[in-house]
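*Asks:* With chain A's structure known, arrange chain B on it following the hints.
Residue numbers (my numbering), protein chains in the order written: chain A, 1 to 420; chain B, 1 to 420.
The hints are simulated quantities; they were obtained by calculation from the structure and are not laboratory data.
No residue lacks a Cβ here, since even glycine has one placed at the ideal position from N, Cα and C.
One should not assume that every hint holds.
Stated by the list, open to error - One-sided and incomplete, this derived list gives chain A residues near chain B with beta-carbon spacing under 10 Å:
hint : residue
1    : Gly-213
2    : Leu-326
3    : Leu-414
Said to hold, decoys possible - Here are the in silico distance ranges between beta carbons for each label pair:
hint : chain 1 : residue 1 : chain 2 : residue 2 : range
4    : B       : Arg-194   : A       : Tyr-8     : 47 to 57 Å
5    : B       : Ser-75    : A       : Ala-338   : 31 to 41 Å
6    : B       : Arg-408   : A       : Ser-120   : 57 to 67 Å
2 protein chains.
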Amino acid sequence: MPDPAPAYPIFDADSLRAWIGGLSPVRASLGSTPGDWRIREVGDGNLNLVFIVEGPQGSVCVKQALPYVRAAGPSWPMAPRRAFFENAYYKAVAPHVGARIPRIHHYDDALYCTVMERLSPHIILRQGLIEGRRYPDAARDVGEYVAHAGFFTSDFARPFEEKLAGVALFAGNKDLIRISVDLIFTDPFRESVRNRHTSPQLDAVVRDLRRDGPLKVAAADCGRRFLTDAQALLHGDLHSGSVMVTERDTRVIDPEFACYGPIGFDLGAYVANLLLSWYSQPGHATPADDRSAQQRWILTEIETFWEAFRARFLALWAAHGRGDALPAAMFEGGEADAAALQAARVAFVESLFADMIGFGACKMIRRIVGFAHVADFERIADADIRARCEARALAFARLLLTHPRQFRAIGDVLDAVPRA
Amino acid sequence: MPDPAPAYPIFDADSLRAWIGGLSPVRASLGSTPGDWRIREVGDGNLNLVFIVEGPQGSVCVKQALPYVRAAGPSWPMAPRRAFFENAYYKAVAPHVGARIPRIHHYDDALYCTVMERLSPHIILRQGLIEGRRYPDAARDVGEYVAHAGFFTSDFARPFEEKLAGVALFAGNKDLIRISVDLIFTDPFRESVRNRHTSPQLDAVVRDLRRDGPLKVAAADCGRRFLTDAQALLHGDLHSGSVMVTERDTRVIDPEFACYGPIGFDLGAYVANLLLSWYSQPGHATPADDRSAQQRWILTEIETFWEAFRARFLALWAAHGRGDALPAAMFEGGEADAAALQAARVAFVESLFADMIGFGACKMIRRIVGFAHVADFERIADADIRARCEARALAFARLLLTHPRQFRAIGDVLDAVPRA
Numbered sequence: 001m002p003d004p005a006p007a008y009p010i011f012d013a014d015s016l017r018a019w020i021g022g023l024s025p026v027r028a029s030l031g032s033t034p035g036d037w038r039i040r041e042v043g044d045g046n047l048n049l050v051f052i053v054e055g056p057q058g059s060v061c062v063k064q065a066l067p068y069v070r071a072a073g074p075s076w077p078m079a080p081r082r083a084f085f086e087n088a089y090y091k092a093v094a095p096h097v098g099a100r101i102p103r104i105h106h107y108d109d110a111l112y113c114t115v116m117e118r119l120s121p122h123i124i125l126r127q128g129l130i131e132g133r134r135y136p137d138a139a140r141d142v143g144e145y146v147a148h149a150g151f152f153t154s155d156f157a158r159p160f161e162e163k164l165a166g167v168a169l170f171a172g173n174k175d176l177i178r179i180s181v182d183l184i185f186t187d188p189f190r191e192s193v194r195n196r197h198t199s200p201q202l203d204a205v206v207r208d209l210r211r212d213g214p215l216k217v218a219a220a221d222c223g224r225r226f227l228t229d230a231q232a233l234l235h236g237d238l239h240s241g242s243v244m245v246t247e248r249d250t251r252v253i254d255p256e257f258a259c260y261g262p263i264g265f266d267l268g269a270y271v272a273n274l275l276l277s278w279y280s281q282p283g284h285a286t287p288a289d290d291r292s293a294q295q296r297w298i299l300t301e302i303e304t305f306w307e308a309f310r311a312r313f314l315a316l317w318a319a320h321g322r323g324d325a326l327p328a329a330m331f332e333g334g335e336a337d338a339a340a341l342q343a344a345r346v347a348f349v350e351s352l353f354a355d356m357i358g359f360g361a362c363k364m365i366r367r368i369v370g371f372a373h374v375a376d377f378e379r380i381a382d383a384d385i386r387a388r389c390e391a392r393a394l395a396f397a398r399l400l401l402t403h404p405r406q407f408r409a410i411g412d413v414l415d416a417v418p419r420a
Numbered sequence: 001m002p003d004p005a006p007a008y009p010i011f012d013a014d015s016l017r018a019w020i021g022g023l024s025p026v027r028a029s030l031g032s033t034p035g036d037w038r039i040r041e042v043g044d045g046n047l048n049l050v051f052i053v054e055g056p057q058g059s060v061c062v063k064q065a066l067p068y069v070r071a072a073g074p075s076w077p078m079a080p081r082r083a084f085f086e087n088a089y090y091k092a093v094a095p096h097v098g099a100r101i102p103r104i105h106h107y108d109d110a111l112y113c114t115v116m117e118r119l120s121p122h123i124i125l126r127q128g129l130i131e132g133r134r135y136p137d138a139a140r141d142v143g144e145y146v147a148h149a150g151f152f153t154s155d156f157a158r159p160f161e162e163k164l165a166g167v168a169l170f171a172g173n174k175d176l177i178r179i180s181v182d183l184i185f186t187d188p189f190r191e192s193v194r195n196r197h198t199s200p201q202l203d204a205v206v207r208d209l210r211r212d213g214p215l216k217v218a219a220a221d222c223g224r225r226f227l228t229d230a231q232a233l234l235h236g237d238l239h240s241g242s243v244m245v246t247e248r249d250t251r252v253i254d255p256e257f258a259c260y261g262p263i264g265f266d267l268g269a270y271v272a273n274l275l276l277s278w279y280s281q282p283g284h285a286t287p288a289d290d291r292s293a294q295q296r297w298i299l300t301e302i303e304t305f306w307e308a309f310r311a312r313f314l315a316l317w318a319a320h321g322r323g324d325a326l327p328a329a330m331f332e333g334g335e336a337d338a339a340a341l342q343a344a345r346v347a348f349v350e351s352l353f354a355d356m357i358g359f360g361a362c363k364m365i366r367r368i369v370g371f372a373h374v375a376d377f378e379r380i381a382d383a384d385i386r387a388r389c390e391a392r393a394l395a396f397a398r399l400l401l402t403h404p405r406q407f408r409a410i411g412d413v414l415d416a417v418p419r420a
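Here chain A stands alone, though its shape is the one from the complex:
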């Protein structure tokens, strides 16, 4: 693991061309000579440079960490070693998630730079959802992805010593964890210069939210759990902008927020962003499409996501439950033992459902009243329409956080989302 970086060269198209030219296998896969390659910077995230390099025979994607938060500029410095943890996450989950992550061609620890598979014709799932497109496998694929990555990095699958080594490693990703702690669990619930919201339309709603003691306690308790409950290695930022899709393929990218934490944090990120999409749909309605069909499909996606996760997690546990937590060796006394163990596993997965609801609600709120917003709402040009969508999403998130007992099964969530 590198020390917090001193100066290092930040790529532009020319310097990247020269550098890739020196990576023989990558150069060979692109074909011809570097001068023939087409290089574009396409990054639209908050933190990094992203280049597409195209040659006559192939193309790659290059991601380089900047030493500051791109969305804020050099005034908000950010150690680029997050690239190291992104790479470490990919390595840790690769044996368990198959082709759901991009293939990594090269990682350079001094340049904080990763050369990886270019996903094409994939687009960012969030973009597709905004455009009203549907991806029949996405929710199932991501649900199963979280099950695989979560289960196999947990104490249910392996000796605790292996998890502790991972916990110690990813404890170093503290700069990114700091962002999550501040921007998800703290700032949205108080006045902060980093916050913004659709104003003046939401001023009263936001003021009220920041005065809601029980809501803040519920959110803060999620934050406490995020810091203490090291169940498994998390992606850490699993929203619909971290998923790339075609109609037949689903890939998970951008795990630089990786850390050990509660599995419900990843589950909640995905569900939250489906719910944000649901609430944003009226803002994207046209005379030809009121988006009600898209909304109905999104609700089925939420159910599919949870059920796919749940079924796969329990199936993996049944087949590979050789870890130190709830050890199978304690339950080898016949049918009664087997039933007790299975009941305990089901109860644990139900606890993940509750966590998903709580973390998901926090993530919905932070995207509406915090620092980093989502294109689902930002692309609604009419501020009054946008504010109406956002206010309804906020109200739902508050309900999830303050009345958790109303939401014991995924059907409870679907029933409570106000129908258009």
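*Replies:* Frame of chain A, contents of chain B only:
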């Protein structure tokens, strides 16, 4: 932190005399010359050599980690770097617990050896309890100790980055954590060659216990929490053999099992050992003393311990709650905010009570049917009497684990302990 040790010299009285003679400040504090010192090996624990070195002007205690489990012999190897973690624990809590830990004069990382304050005329609390002696401050002191050590190493007191650094460091103490995982949460609940119990008297009870699915699920879930819930730096073995007392002083020793985990683990260790002492008292009755007064005093100690912990933890939180978990900065909106925050803090402390009950019950069980037993029972020579005491303690521990909702306050525990 040293690598798992290769060979290193194991002290005897002569080699220790020579080594201490080279530590100028220690030599000076002992007085005269090494040849005049009296050196005795007094270790009676499971893991280490312990020497008392007495000179004409003073004395010190020397603890050296052996490369195997002393209680099992060289056939059970154990990396001596646990001495490093014991020292790291002392350093971490020293600023917060005052004189409740011994003063450390010298630590040698190559010899896995600590020279520390000799506590005199202190005796091991367990020994005093067996002898029917009472220590008016012990429970209060240890309760407040756990409050200080737990609070100040938690995310409630400090930026999470500091806790993560500690988590990464103590993740290395995996050999000792392995002992806890196996000997507290797993082996006692299944057949294992490392187990033993008073036989044949307890055979049927133990067989029944190992067939009790709900009991095993409850214990296994405590084990899962021990592995995942990194609330604070734990002592890790806070039984009555890790506390040295006089009638006016209380000291905590032997933190080599230190790791990050749930605070209730330490709380449960102390309460469990008070309960074991309570259940063992009839076995130490004499015609002159039926030990019923000692039992009544032990029950008040249990209450005092919890109430001292609870009051001090909340007081520290009110005065020093500057950490990232339940951050005070989210609750600066006046009285309603303050009330919501305080309610959340109280709720968290109540969750520690529930944890104390669960972890305590696991620790009671492991001391009766597992590998390492307690002198409270072992010193009862009559196996029938011992078995009766043990069976009643086991039954109570099972009740605690399988009916947690009956135990919501410390009074519920005291009421449920069968009166003699």
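*Asks:* Which of the numbered hints are not met once you compare them with the structure shown?
*Replies:* Number 3 only.
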